[in-house]
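Visitor: Here is how the chains run, residue by residue.
Number of protein chains: 2
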Amino acid sequence: MKAETRLHYTLADIMNLEKEQKINLINALSGFKSVALIGSVDAEKKINLAIFNSFVHVGSIPPCIGFISRPDIEERHTVPNILKTGYYTINHISEETYLQAHQTSARYPKDTSEFDAVILTPQFISNFPAPFVKESSIQIGLQFMEQVPIKINGTILIIGEIQHVCFPADCLCEDGFLDIEKAGTLTCSGLDSYHRTSRIQRLSYAKPFEVLKNIPLDYKI
Amino acid sequence: MKAETRLHYTLADIMNLEKEQKINLINALSGFKSVALIGSVDAEKKINLAIFNSFVHVGSIPPCIGFISRPDIEERHTVPNILKTGYYTINHISEETYLQAHQTSARYPKDTSEFDAVILTPQFISNFPAPFVKESSIQIGLQFMEQVPIKINGTILIIGEIQHVCFPADCLCEDGFLDIEKAGTLTCSGLDSYHRTSRIQRLSYAKPFEVLKNIPLDYKI
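So the protein lines, in turn, are chains A and B.
Quick note: the numbering used here has the first sequence finishing at residue 1160, numbered continuously throughout.
Quick note: the numbering used here has the second sequence finishing at residue 1160, numbered continuously throughout.
The hints are simulated quantities; they were obtained by calculation from the structure and are not laboratory data.
Any given hint could be a false lead.
Treat identical chains as interchangeable: a pair holds within one or across any two.
[Unchecked claim] Derived pair list, reagent style DSSO-like, types lysine-lysine, alpha-carbon separation capped at 27 Å: (1) 958 to 984; (2) 958 to 1023; (3) 1090 to 1023; (4) 961 to 1073; (5) 1121 to 1049; (6) 1121 to 958; (7) 1152 to 958; (8) 984 to 1152; (9) 1023 to 1152; (10) 1049 to 1146; (11) 1049 to 1152; (12) 1023 to 1121; (13) 961 to 1023; (14) 1073 to 1023; (15) 1049 to 1073; (16) 985 to 1090; (17) 1159 to 1090; (18) 985 to 1073; (19) 958 to 1073; (20) 1090 to 961; (21) 985 to 1121.
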């Protein structure tokens, strides 16, 4: 299985790489990433949209999602907006929207709405204060819950509670599983590589000395 | 684009779901996840292997990866081992190993090595104290750096610094990007759905008013 040539880098080898190589390598090592657009508003209700690729499931009870933000938050607008207004949205991206989504990472001036700059449509749902992305098939509205400082590099983990979620009805299974692949959600690796997915299978809950079973996708509709 | 029927769940709707439905839905909403095996040892050098799906890139300088662990760490062995010995490994999973990887989540007794139970091979590299998974194409050795408590639900974010990384030489690009898809790394969604990936493209660094370009994969060998 491993007749191929393998490389072994130590921490010293990694530290000796050029900065771009180091960043590309380390960003790839954490595996495939969740990538989505965060919509937010500032105190003057100016809307903002930015791509993030560091989402993580934090817990189901209460239902919440986290994401890691770099320390230079003053240069960007998403985290200050979230801390100021308390609300934001997470919008999955698909093959139809990933180019616009990636383009939101360009450093537009503060008075430019990335929705306008990349041509995506802000959508307001149920009086929720932050804009959703109309083109996203899975849209989540969150209320800010906790800001967790990470000492070793000054990044922060921002955690929000899910207040609203909108999704295609035909992607929901009887057991609550939402088929995000069927909804067209993409994944990314490194900083800039976008990927479609292809399901192998869902696996049953593992127990000692029991053979795993395939869980058929039992859509509600 | 959205002629399909859409569902809108509020927080109240989510809270009214059965527990299994709630857990399956919320675990899917955070998007595609990084999934990998963590190898560790206890103070008596007994080896342990467990699957996690909550890895997140924390930073490149220093090079580090985080993962979220549930609060019931006493029932499991990975986090106590990491806190006790200071070292652990992260091993990507592929189509050849995902069944064994998923099976490590079964609650084996403390004196059972999951390596033996699921038939994966522990590999020790460069005197690193924790076991790697020989069958994994991307193997990472980490030193524990920081334990970040999350107040809202008692979970913790464990962060480690990358000390060693072993990978197939033909997956490394000139700019440091590691092609984890070529290495066979899988992604997962929800708690139990495993997926292959298929690259659309790598995109250039975004700048205002510039058209994004495809970055060709420029392998070193």
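Visitor: Hints first: check each against the structure and report whether it holds.
Guide: How the hints compare with the structure:
Proximity of residue 958 to residue 984 under the C-alpha cut-off of 27 Å is found in neither arrangement, the shortest distances being 37 Å within a copy and 37 Å between copies. In this homomeric assembly, residue 958 and residue 1023 never come within 27 Å of each other (Cα to Cα): the closest approach is 33 Å inside a single copy and 33 Å across copies. Taking the closest pair of Cα atoms, residue 1090 and residue 1023 come within 27 Å of each other both inside a single copy (23 Å) and across two copies (20 Å). Taking identical chains as interchangeable, the C-alpha atoms of residue 961 and residue 1073 lie at most 27 Å apart only when they sit on different chains, with a minimum of 25 Å there against 36 Å within one chain.
For the homomeric pair residue 1121 and residue 1049, neither the shortest alpha-carbon distance inside one copy (35 Å) nor that between copies (39 Å) is at most 27 Å. When the C-alpha separation of residue 1121 and residue 958 is checked against a cutoff of 27 Å, the pair qualifies only between copies, where the shortest distance is 23 Å, while the shortest distance within a copy is 37 Å. When the C-alpha separation of residue 1152 and residue 958 is checked against a cutoff of 27 Å, the pair qualifies only between copies, where the shortest distance is 21 Å, while the shortest distance within a copy is 45 Å. For a Cα distance limit of 27 Å, the shortest separation of residue 984 from residue 1152 qualifies neither inside one copy, at 50 Å, nor across copies, at 33 Å.
In this homomeric assembly, residue 1023 and residue 1152 never come within 27 Å of each other (Cα to Cα): the closest approach is 47 Å inside a single copy and 35 Å across copies. In this assembly of identical chains, residue 1049 and residue 1146 lie within 27 Å of each other by CA distance solely across copies; the values are 14 Å between and 53 Å within a copy. Only between protomers do residue 1049 and residue 1152 lie at most 27 Å apart by alpha-carbon distance; the minimum there is 25 Å, versus 52 Å within a single protomer. In this assembly of identical chains, the alpha carbons of residue 1023 and residue 1121 never lie at most 27 Å apart, being 35 Å within a copy and 42 Å across copies at closest.
Taking the closest pair of Cα atoms, residue 961 and residue 1023 never come within 27 Å of each other, the shortest separation being 34 Å inside a single copy and 29 Å across copies. For the homomeric pair residue 1073 and residue 1023, the shortest alpha-carbon distance inside one copy (24 Å) is at most 27 Å, but the shortest distance between copies (48 Å) is not. With identical chains, the CA atoms of residue 1049 and residue 1073 are at most 27 Å apart within one copy only, with a shortest distance of 22 Å there and 49 Å across copies. For the identical chains of this complex, residue 985 and residue 1090 are neighbours neither inside a copy (32 Å) nor across copies (31 Å), given an alpha-carbon limit of 27 Å.
When the C-alpha separation of residue 1159 and residue 1090 is checked against a cutoff of 27 Å, the pair qualifies neither within a copy, at 45 Å, nor between copies, at 35 Å. In this assembly of identical chains, the alpha carbons of residue 985 and residue 1073 lie at most 27 Å apart only when taken from the same copy (17 Å versus 52 Å across copies). For a Cα distance limit of 27 Å, the shortest separation of residue 958 from residue 1073 qualifies neither inside one copy, at 37 Å, nor across copies, at 30 Å. In this assembly of identical chains, the alpha carbons of residue 1090 and residue 961 lie at most 27 Å apart only when taken from the same copy (21 Å versus 33 Å across copies).
Taking identical chains as interchangeable, the C-alpha atoms of residue 985 and residue 1121 are never at most 27 Å apart, the minima being 33 Å within one chain and 42 Å between chains.
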